[in-house]
Amino acid sequence: MDLLDRVIGPGSDLLVRVDEILSRHGAPAAHPVWALLHRLGVMPSVALDQVAGLAPSDISAAGTPLSGIASDLHTAVASLPSDVTSRGATADGFGARWNGLARQIGDGADRLSATAAAVAELAAWAGTARRDLAGVLGACLGSAEAVLVRSASVTGDADSIRAAADIAADVLESLAKTVDAGWQCFGDWSALDAEIPVTVSAVDGPLVPNHIELH
Amino acid sequence: MELESVARRVDDVGAALVDAGGRIGACHPPVGAGGPGAFGEVSRALSGQAASAIAARAAEARALGASATDLATAVLQATSSYRGTDAGRGGA
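Note that the protein sequences, when read in sequence, are chains W and Y.
Counting in the working numbering, the first sequence runs from 1 upward without gaps.
Counting in the working numbering, the second sequence runs from 1 upward without gaps.
I should point out that these hints are in silico values taken from the structure, not numbers from a laboratory.
Be aware that one or more of the hints could be misleading.
[What the hints assert, rightly or not] So the derived label-pair ranges between C-beta atoms look like this:
| hint | chain 1 | residue 1 | chain 2 | residue 2 | range |
| --- | --- | --- | --- | --- | --- |
| 1 | Y | 44 | W | 147 | 56 to 62 Å |
| 2 | Y | 81 | W | 61 | 46 to 52 Å |
| 3 | W | 150 | Y | 23 | 47 to 53 Å |
| 4 | Y | 44 | W | 197 | 43 to 49 Å |
| 5 | W | 199 | Y | 19 | 32 to 38 Å |
| 6 | Y | 81 | W | 68 | 36 to 42 Å |
| 7 | Y | 23 | W | 99 | 25 to 31 Å |
| 8 | W | 194 | Y | 44 | 15 to 21 Å |
| 9 | Y | 81 | W | 117 | 42 to 48 Å |
[Unchecked claim] To give a feel for the contact side, a few chain Y residues facing chain W, derived at Cβ under 7 Å:
| hint | residue |
| --- | --- |
| 10 | 3 |
| 11 | 28 |
| 12 | 36 |
| 13 | 46 |
| 14 | 47 |
| 15 | 56 |
| 16 | 64 |
| 17 | 71 |
| 18 | 75 |
| 19 | 78 |
In this text the structure is predicted, and so the values were computed from the model without any measurement.
Heads up, the beta-carbon is just placed ideally off N, CA and C, and yes, glycines get one too.
Please model the entire structure based on the sequences and the hints provided.
What follows is the structure in structure tokens.
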């Protein structure tokens with residue numbers, strides 16, 4: 001259980017009230033919440049649900065096997081001799097192809113390690129999003145604005161409307177940071193999503209010489 | 001190390017790579033549920049890109065494994081044919 005799990009109950013109640021006030025009465029003109037609502041396209045309670053849906057430990061757990069597999073591949077290739085004691089056309093052909101293939105397996109293991117690191121970065125992004133919003137929500141819950149929102153009448157008054165707009169702006173600002181950081185992660189992944197084909201084929205050219213000299 | 005022994009170990013590496021491809025492809029990091037707005041858009045993009053990258057690594061591992069297996073098989077067949085030739089010469 002992290003900090004967001006601890007504040008999500010009262011936080012959700014508060015943000016539902018904030019949503020209701022803003023939906024019914026709007027926000028003060030030129031308040032920063034208008035730009036945030038326009039940019040993010042969600043009300044504060046939905047923002048909370050979205051961030052609460054992030055599960056850093058599940059993302060991290062999904063990426064853990066990738067690091068282990070990459071390490072195993074490096075070990076498997078390193079355990080093979082780079083040369084063979086046998087001589088002849090077959091041994092030479094094998095040596096050339098295996099060296100090329102081993103290099104590609106090593107490169108593939110490196111790309112797998114990079115993919116595992118990118119998954120770890122996603123998990124960190126999700127964790128940061130949850131911590132940041134929890135901090136914002138914790139501060140909102142104990143604020144004077146929260147008192148005004150909870151005690152707001154159905155008809156709405158200027159103070160409670162401004163208080164709701166202030167809380168909404170704080171929550172949406174946190175979500176905006178998460179969205180920006182998410183796009184940064186997306187850019188970091190861009191070099192990883194293409195498949196690199198194998199370029200050394202085991203069937204390129206004969207491993208068995210075209211003729212065998214009998215003595 | 002003798003060629004045949006190395007080829008058998010390359011064959012083992014090939015099998016391990018093909019197996020690794022299956023295990024890599026089974027990894028699915030859950031990157032949010034999507035939903036409306038800007039957050040939904042970025043979480044869908046991240047989810048799709050992670051899935052593409054992992055699928056690419058899985059395909060690479062399977063292809064490299066198949067190449068290693070093909071190479072090992074070709075070498076073992078070649079050494080086997082040499083042995084057959086040598087046996088034929090010995091029997092002649």
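Against the structure, the hints come out as follows:
Our hint of 56 to 62 Å for residue 44 (chain Y) and residue 147 (chain W) is violated, since their Cβ atoms are close to 38 Å apart. For residue 81 (chain Y) paired with residue 61 (chain W), a C-beta distance near 49 Å keeps the hint of 46 to 52 Å intact. For the pair residue 150 (chain W) and residue 23 (chain Y), the supplied restraint of 47 to 53 Å holds, since their beta-carbon distance comes to about 51 Å. At roughly 28 Å, the beta carbons of residue 44 (chain Y) and residue 197 (chain W) sit outside the given window of 43 to 49 Å.
Between residue 199 (chain W) and residue 19 (chain Y) the beta carbons are some 23 Å apart, a value that contradicts the proposed interval 32 to 38 Å. Separated by about 39 Å at the C-beta atoms, residue 81 (chain Y) and residue 68 (chain W) satisfy the suggested range of 36 to 42 Å. Here the CB-CB span from residue 23 (chain Y) to residue 99 (chain W) is close to 26 Å, well matched to the stated 25 to 31 Å. Checked against the hint of 15 to 21 Å, the pair residue 194 (chain W) and residue 44 (chain Y) passes, with Cβ atoms roughly 20 Å apart.
Range check, residue 81 (chain Y) to residue 117 (chain W): about 46 Å between beta-carbon atoms, so the 42 to 48 Å window is met. Nearest Cβ of chain W to the Cβ of residue 3 (chain Y): about 4 Å, under the 7 Å cut. The hint holds. Interface hint status for residue 28 (chain Y): upheld, as the beta-carbon distance to the closest one in chain W is roughly 6 Å, under 7 Å. Because the beta carbon of residue 36 (chain Y) sits about 6 Å from the nearest beta carbon in chain W, less than 7 Å, this interface hint is met.
Against a cut-off of 7 Å between C-beta atoms, the interface hint on residue 46 (chain Y) holds, since the closest Cβ of chain W lies about 6 Å away. With a least beta-carbon distance of about 9 Å to chain W, the hint placing residue 47 (chain Y) at the interface is violated under the 7 Å criterion. Interface restraint check for residue 56 (chain Y): the shortest CB-CB distance to chain W comes to about 4 Å, inside 7 Å, so the restraint holds. About 5 Å separates the beta-carbon of residue 64 (chain Y) from the nearest beta-carbon of chain W, less than 7 Å, and the hint is met.
Residue-level restraint check for residue 71 (chain Y) holds (minimum Cβ-Cβ distance to chain W is 4 Å; threshold 7 Å). Because the beta carbon of residue 75 (chain Y) sits about 5 Å from the nearest beta carbon in chain W, less than 7 Å, this interface hint is met. At a threshold of 7 Å, the smallest CB-CB gap from residue 78 (chain Y) to chain W is about 5 Å, leaving the interface hint in force.
Consistency note: the structure conflicts with the earlier hints numbered 1, 4, 5, 14.
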